[in-house]
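**Student:** Working from the sequences, and respecting the hints, build out all of it.
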Amino acid sequence: MNGMRAPRQQVELPALRVLEGSGRPDLPLRDYGLIGDCHGSALVGIDGSIDWCCFDRFDAAPVCARLLDRRRGGCFEIRPVEAARARRRYLPETNVLETTFETTSGRVKLIDFMPLRSEAPQGTTDFTAIGPAGWVVRIVEGETGRVAMRLWYQPVRDGLEMRPAALGLEDRAWRSDGLPSLFADLPLEGGDGRVAGVFDVAAGERRTAVLAPGGLPGPLPRDRADTMLASTVRYWRGWSSATSYDGPHREAVLRSALVLKLLTYAPTGAIVAAPTTSLPEGIGTARTWDYRFCWLRDAVLTLFSILKMGHADEARDFLRFLVGACEETLPRVLPLYAVGGGAGREERIHEDAAGYRGSRPVRSGNEAVEQHQLDVYGQVIDLAYVMKRMGGTLDRETERVVEALATFIAGHWEEPDAGIWEPRLPPRRHTHSAILAWVGLDRAVRLLGEREEWCRARDGVLETIRSRGIHADGHLTQILDGEETDAALLVAPMHGLPLDDAVVSRTVDRVRRDLGLGDGGPLIRRYRTDDGLAGREGAFLICCFWLVDALLHLDRGEEARSQFEELMALSNDLGLYPEQMAADGTFLGNLPQGFTHIGLVHSALSLDLYERHGVEAVRGTHADRAAHLAERYDRLREMWGT
2 MNGMRAPRQQ
12 VELPALRVLE
22 GSGRPDLPLR
32 DYGLIGDCHG
42 SALVGIDGSI
52 DWCCFDRFDA
62 APVCARLLDR
72 RRGGCFEIRP
82 VEAARARRRY
92 LPETNVLETT
102 FETTSGRVKL
112 IDFMPLRSEA
122 PQGTTDFTAI
132 GPAGWVVRIV
142 EGETGRVAMR
152 LWYQPVRDGL
162 EMRPAALGLE
172 DRAWRSDGLP
182 SLFADLPLEG
192 GDGRVAGVFD
202 VAAGERRTAV
212 LAPGGLPGPL
222 PRDRADTMLA
232 STVRYWRGWS
242 SATSYDGPHR
252 EAVLRSALVL
262 KLLTYAPTGA
272 IVAAPTTSLP
282 EGIGTARTWD
292 YRFCWLRDAV
302 LTLFSILKMG
312 HADEARDFLR
322 FLVGACEETL
332 PRVLPLYAVG
342 GGAGREERIH
352 EDAAGYRGSR
362 PVRSGNEAVE
372 QHQLDVYGQV
382 IDLAYVMKRM
392 GGTLDRETER
402 VVEALATFIA
412 GHWEEPDAGI
422 WEPRLPPRRH
432 THSAILAWVG
442 LDRAVRLLGE
452 REEWCRARDG
462 VLETIRSRGI
472 HADGHLTQIL
482 DGEETDAALL
492 VAPMHGLPLD
502 DAVVSRTVDR
512 VRRDLGLGDG
522 GPLIRRYRTD
532 DGLAGREGAF
542 LICCFWLVDA
552 LLHLDRGEEA
562 RSQFEELMAL
572 SNDLGLYPEQ
582 MAADGTFLGN
592 LPQGFTHIGL
602 VHSALSLDLY
612 ERHGVEAVRG
622 THADRAAHLA
632 ERYDRLREMW
642 GT
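Mapped onto the working numbering, the consecutive letters of the sequence shown carry residue numbers 2 to 643.
Hints listed in this document are in silico derivations from the structure and should not be mistaken for laboratory results. All the given hints hold, so there is nothing to weed out.
Dumping the calculated EDC-like pairs for lysine to aspartate or glutamate here, alpha-carbon to alpha-carbon at most 20 Å:
| id | residue 1 | residue 2 |
| --- | --- | --- |
| 1 | K389 | D625 |
| 2 | K110 | E206 |
| 3 | K110 | E144 |
| 4 | K110 | D201 |
Here are the computed distance ranges between Cβ atoms for each label pair:
| id | residue 1 | residue 2 | range |
| --- | --- | --- | --- |
| 5 | D193 | R321 | 43 to 49 Å |
| 6 | E484 | R537 | 19 to 25 Å |
| 7 | R447 | L331 | 19 to 25 Å |
| 8 | E484 | E347 | 34 to 40 Å |
| 9 | L331 | G536 | 34 to 40 Å |
| 10 | Q11 | E485 | 42 to 48 Å |
| 11 | E329 | D247 | 38 to 44 Å |
| 12 | R321 | D172 | 37 to 43 Å |
| 13 | E451 | D625 | 18 to 24 Å |
Quick reminder that beta carbons are idealized off the backbone N, C-alpha and C, glycines included.
**Tutor:** In structure tokens, the structure reads:
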């Protein structure tokens, strides 16, 4: 693995000083797992500490933010007092996290989950809302011996301003105005903005702690934990059973699908790029961004993957969100939207936050919302085309959006834009943007018929790519008339762009030569050109999966399989991937990153098609490949009618 670290199967935890505060060193990002309820989410460290938690909305103010300030950020920690060995897993086919701590005194399990607000009736995929809103449930089970455990809950108010919260015991719960209440069947004491206590768990005993809104009717939340656990496990296993993929690497593909589902905001169908903000793309750099918004590009590619695995409900919900979001800003569309609709928040810097491992600034909101990114228009139209090819029906509102976007592309494709990677530089003419402009016009013609304006622009874009986007050496270039390459160009063959295979092959080889990270391993950067920011970033992981797809298009199957297998070894022990990775395997960027898991799913599906049907099955458009899958999974078409 070229010096990169394999996932740790267990971690040694030091003993605690019982009254010690919550300011332990930053955990490696690979030591976190994700739980969520398709509204908000939390990151749980392998040491039993929830260091990031946003309820109700992914972009809400965090209740715990130690991830971004290890002293002031707040946490919700449950772990053994004495030294322990920790290992973890997700319960099979769920997003319920189980961490096992083994000490000299005994062994305990910590089960963490956020109850779903819906559950599927047995034998159906019709999910009906029945569950609680915005809970985190933590169950400690004694397995052997007797183990002393510590709970430490230190929330923050005002989110990334990280102000301490005053907590008081009232009606058997620890409460603070504007924050969730802590319900626990444990001996706890409060003071100095935290609640803490030590308790023993013997073999066969269970202890429960729940964060939930205060003032709830009915039994206390801690007394509902077992019911909610059963309901949540049932929901996720029902959802997983509806996943149609049964090819190689099914466990990794299903885990990625479960991650992508967790990143879906149930009330609107929006899909966030990641559930976190400001995790650095380079340690100690200012490459710290808020990804808790719906990037149309990322979400469209997510839907390609989820739809191909049989989940048409999510596709329908997202298409409804997408059409509504686009209609608000036509004829332009924004690169990103808030999960509830409308523009994402204006970027704000939180000066006092220390940042993960000193990487500052900490940000909320994202300035990229103000950029013009032409490729997004083509991605949206391509999604509509995929859904139509897979048996869906486009309503008049969707057709109007497709028409408006195609007309915009036809009138503006010759203008510079910010491009897919959002550099903080003046706009330029990006070859990748031109490729997606061609895609948008081509798919609009296929959907709505030939129009002279669209056909003329489509032909003009293709001629421009061929004459100005191909270097004298025969490879695609990052910008028109440019010299450097860009890993985003690896997607050209996935869109059915009519280019000679020789151009694709030379682009693949040039990307590997110029952008490879480390000593011949699977990692590649997205670019090496200036992006207006100080410091260096790591390998961009979706690009590493795009390389798999491009190699398959070229019928270089052995290389593609080798690349994919090496990437499979780079996840953490839970099967999660970040946005980026250093040459030594250090996780970088926001976590988990939907874009990376999209890449894994698409590459796995493409490899499966290649093995079953040969190279022609992986050529052409996203819709062509989806059609092959639809033939294999008849339920995809059936679901459109349900």
